[in-house]
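K.L.:
So you can see what is in the structure, the chains are spelled out below.
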Amino acid sequence: MSDAAVGAAAQGAGARSILTPFNLVTGLILAGGAVILGLRFTQGLAATTNLTHTYPWGLWIGFDVMSGVALAAGGFVTSSAVYLFGMKEYKPIVRPALLTGFLGYFLVVLGLLADLGRPWRLPYPFIKQAGPTSPLFEVALCVALYLTVLFIESTPAAFEWLGWKKLRKLVGSLTIGLTVLGLILSTMHQSTLGAMYMVTPTKLHALWYSSHIPVHFFVSAVAAGIAMVIVEGMFSHRAFHHQVQISTEHFERINFGLAKAGAVALAVYFAVKVVGLAIEDEWALLATGWGAWFLVELLGFVLLPGLMFAVAYRERRLGLARAAAVITALGIMLNRFNITFVAFNWNLPPAERYLPSWMEIWVTVAFITFAVVAFRWIASRMPIMYEHPEWRGQH
Amino acid sequence: MSVSRRGFIGGAIGAALGAGAADAGTVKQFPGHPGRYGLLHDTTLCVGCRSCEAACARVNELPLPPGPLDDAEVFAARRRTTDTALTVVNRYVEAPVDGPPVYRKLQCMHCNEPCCATVCPVHAFEKTPEGPVLYDPEVCMGCRYCIMACPYNALAYEYDKVLTPRVMRCTMCYPRIKDGLVPGCAEACPMGAITFGEREQLIAVARERIRKFPDRYVDHIYGEHEFGGTSWLVLSGTPFEELDLLPGVTHEPLPAIGTSYLGVVPLVITIYPGLLLGMYAFSKRQQAVAKEEQERAVGAALAQAGEDAQKKLATAAERAAKDKERAVEAAVKKALAEHQQGGGS
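These protein sequence lines are chains H and G, in that order. Heads up: the first sequence at position 44 corresponds to 44 in the working numbering, and the numbers run straight through without jumps. Heads up: the second sequence at position 197 corresponds to 1197 in the working numbering, and the numbers run straight through without jumps.
No lab work stands behind these hints: they were computed from the structure. Accuracy of the hints is not assured; some may be wrong.
Said to hold, decoys possible - In silico lysine-lysine, DSBU-like type, Cα no more than 35 Å apart, as pairs:
no.	chain 1	residue 1	chain 2	residue 2
1	G	1284	H	169
2	G	1334	H	203
3	G	1161	G	1178
4	G	1212	G	1333
5	G	1291	H	165
6	G	1334	G	1312
7	G	1161	H	260
None of these values were measured; they are calculated from a predicted model.
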């Protein structure tokens, strides 16, 4: 897999020299990741990860799966806004958002394959023996289906590029159905990822544990998805400037609209979290050390970017909106890390706590790099950042 | 494992029917399989000899605990079960003023309603009618959600195995029970601190001990009700939190707390399509109405513009006609004048 990615990175440079700084760095990261994954599949999880019997889930679940799914929510958020709710001025960002979403979910599956003890049994819940009482079964089913939906939703760009008009037309006619399906599946698995922690009331710190945790996960995923669309635009708008058809004014208007949506999403998330504190009467816990850490997350990574988004929208400050988006995305990661391993087993002595190994971190960075390289490769070939002249204004 | 080989559809339908049965639990209650076995660990009798650890290793063909069993050094740290030690004994209270140190044996508690079984996406765990919770490594993908979910931290994973890693935990010596034997640890215990028997009877035995020696025991059988109850029961002379057993936990089974949210899923599936397509219809209609209004406005504007233009045209034509008339008149006048001048000369 990673060799193919290196190949893709090399090809991405096109006719220019292969030895660009971008290619050298990404090549190094990907090659290192491939070596570590090779080690993982020949020496086992013990040789590569810091996972223990007490911490069966680490960075690969906490980032690749838990954060990855949330950060890839931009696809369903933008496609629903444009196709279902008629917010057509956002059409130019749907394709990059769907591609980001597809690559994000692809990354989730890669992370899962690295983490599973016997990854070749990944389809077992569907072909061998189902465990339908498990939240993870639902997540697996939804992610498998949604990855398929995202793949189909991303094919129009490929079909236009290849000139396969009949297929392109067929997929175009499925747009509304796929968008509805995508929103259903996203609502379900984004929230159920949180629901997976409802079985751990004795292990997850009370400030993060909540009977509303599925709602926390879903609302925060919407905020994360919006933030990631802004972050992705921040890089791709510059990198693919020559392709972009919309005016700078239109692009900025889209960003301010997203900032407004981000402010609302974060305000809702903040409210839901505060209501959670009230319902479970956990105010006293805020005075503890864990409470301070919780407040860092809630005030610094939810309330603050929310206010920044609001100000950015009001005063038309693109830089501020982008800063808020970056903080929001980091905040979601922080939340998922807190839930997966920081505030998980919080009552264990420090010596038994989990910290990811450098190899786990390297593999995660390599997966992100792979996604970036793939995005670059696809967007520099297919009509992602612009509308294909023959298909302008169509689904 | 009789019902474990259902296909996906069968499994899903079975689960749906099962959920229906659970919902009917408001009127019906399944108190567990009658006559199922359990084990009672009386920590007031345990001397920390770790014979159970050795017996467990022998029965499960795992490496024996390193070092001599009476090596007191092991108690310096609190240990937990691992993939090679399915049970461990910890010293929890060093030397109370009025008695010997307190030890507790850790292992899978074999819950009445095991959380590991509920959260397993391939249904690799099963509560047997005899009491033990069994694990099937042949279907396990190694997601380790069971280890995550276990409130007793009793499950371990073979992280060092590349191709065949398994979840490792006490099996309550299911094969031995099937053969009419007593579990290895209970057989090996020289102090009689571990009693094997029918769970109901063990609870009666424990109650009787508490009644007879109220000064010796805390008046509580840990595992009778905690998270729906466990097959392993613990008696103690010191508060249970000192033995790392959370006191006062809910009597509701953990799976019931943990998976209640899944009830929302069918609602999402059934409500969303109609709701979303309704919203789509709203937005489409809004656009259609807006378009219609725009067209009407444009049409009216065009009509108005047309009228204005026609008026202008008419006035222009009128003016042109007048201009023409005037020009003709002027030309006629000019010709007449020229004629008169010509005639006069």
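K.L.:
Could you run down the list of hints and mark each one as holding or not?
P.N.:
Against the structure, the hints come out as follows:
Distance hint between residue 1284 of chain G and residue 169 of chain H is fulfilled; the C-alpha atoms sit about 21 Å from each other, no more than 35 Å. At most 35 Å may separate the alpha-carbon atoms for a hinted pair to count; residue 1334 of chain G and residue 203 of chain H exceed this at roughly 115 Å. Under the criterion of a C-alpha separation no larger than 35 Å, the hint pairing residue 1161 of chain G with residue 1178 of chain G is consistent with the structure, at around 29 Å. Taking the CA atoms of residue 1212 of chain G and residue 1333 of chain G, the gap is near 147 Å; set against the 35 Å cutoff, the hint is violated.
This hinted pair checks out: residue 1291 of chain G and residue 165 of chain H have alpha carbons roughly 29 Å apart, not beyond 35 Å. Between the alpha carbons of residue 1334 of chain G and residue 1312 of chain G the distance comes to roughly 32 Å, so the proposed pair stays at or under 35 Å and holds. Between residue 1161 of chain G and residue 260 of chain H the CA atoms are separated by roughly 50 Å; this puts the pair beyond 35 Å, and the hint is violated.
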